[in-house]
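Enquirer: Now for the letters of each chain:
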Amino acid sequence: MTDTFLIGMLVLAAGLFAVGLFGVLARRAVLFQLLSLEVMLSGPSLAFIAAGARHGDPAGQGMFVLVLILAAAEVALGLALYLRMARTANVTDSDSIRDLRH
Amino acid sequence: MIGWFPLFLGTVALVSAALTVTRPSVVHGLMWLVAALLSLAGTFFALGAGFAGAVQILIYAGAILAVFVFVVMTFDASPPALARERLRLKQAARGPLLMVLALGLPLIFGLWGGAVASGLAPGGVVPVQAVGGLLFGPWAVAVEIASFLLIAALLGARHLVRRDPPQDSERHAP
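Chains Y and P, in that order, give the protein sequences. Every letter in the first sequence is one number past the one before it in our numbering, and letter 42, counting from 1, is 366. Every letter in the second sequence is one number past the one before it in our numbering, and letter 55, counting from 1, is 88.
Just chain P, with the same shape it has in the complex (with noise of 0.2 Å):
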């Protein structure tokens, strides 16, 4: 029985997760989020879910992240900048956690309520043809659309970004 690992690994993650959003240094927050994301995937493993766990490790911490590391060069890392920052946390902490605990504690009692439908099959691994199958054949259509919306991010991102063209009219005078 591997029921406790799977759990060991979320608690690893949920814990990482919130060193992540309390971290004064973004540099921190994000290697934090790394061991989040890679403990999730190890998660995923785990549920037998072993393409959903390699595409974790591949695009979100390998791709994904390498993008936020690039962007980090622009935040302001000085000591009285991480001073003012920790600060800030520790008077804006209490409304966020109140509003959070308020949402959060009907969720997991209605969990524990027995909100989940019971007496159906057991799981188990689940292939990646299966998988597969189902993302292009039923599902073509929300694959479609997902790209879709990739290309639009990638046009969004690449318009937004760029700089604006220096004034040199006489060079195409004729």
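The shape of chain Y in the complex, shown without the other chains (with noise of 0.2 Å):
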């Protein structure tokens, strides 16, 4: 594996990142800023396996699995609030969130 080919991953993961990254901040919908957060978290995930198939390290698997944990308690914990916002008034929008302060 070449230096060039793991530049080459690692700007696959950065593109990863940034979409997810783009889709947090241009989607109002609660549901797709979740699911962009998702992609955005499968970036560093790339990179983290990437590193580590370049250098033969088991770390970056290691890693890749800790990333896989944190991402799995974001979803139950945001679709967890989503769903409550959503029943209890009527939320499925950041921007409407707004007029829960009054």
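Note that these hints are calculated values from the structure, not bench results. All values derive from a computational prediction rather than experimental measurement. Take every hint as true, because none was put in to throw you off.
Calculated Cβ distances over 10 Å to all of chain Y for the following chain P residues: (1) Ser111; (2) Pro112; (3) Pro113; (4) Ala116; (5) Pro198.
Label pairs and their computed distance ranges (CB to CB): (6) Met132/P / Arg425/Y: 19 to 29 Å; (7) Ala99/P / Arg352/Y: 16 to 26 Å; (8) Arg425/Y / Gln124/P: 18 to 28 Å.
Ideal placement from N, C-alpha and C gives every residue a C-beta, glycine not left out.
Two independent chains are provided; combine them into the complex using the hints.
Expert: Right, here's the structure in full:
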């Protein structure tokens, strides 16, 4: 595995992160923002795996497992919050969360 | 030389992710996210990280996405809602796009500028035994903290979506 190849994989990982960040910033539906967070987290996963494969080190896959656990916890809490807001205040939109203040 | 194969699969994942965040309907976005995660799993396999690829398919594309599919049933997918979503994305896309470019360009140019250290040992297939030995040996504390995090998320989610019990005070009255 050459350095050029690793740089290509890291560019792909940065692209995944950037696409997810764009989704979080541009979308207003809460479900889409959660999906974009998943895309954002997959970028660092790819970077860890690629770097681990480059150096032949198991730490890359270990970090991937920890990122996966973080994603699972984030999805559980995010979806629970979304369901609660949609049920009690009919909020499906991160703009209309502001209306809950009064 | 299979060097092009992970790059190809990663590009497929990137395109699927871009389609994920720009679909007006959340079901379509979810299906493209499945495609992105599965091609990422293929990338992991091609990079010699078999354990990570299997976990990606089983937990990410399996369990986490299944939870999303359940919640999608609450989403408004009528044609006017989709048209509103499409219009809103068109109006709101420019600012985030510029910001993402401003963040991403230095990163990528920094990579091409030789920020990656060279001359290290060439990698290969990382055995699963090494990953397990790392996670349950030197990283045991991290795994414990992660399990605490999962328990906290489980209890929090259960508490958040719990419906309030009905007010039947007569039944418990003596």
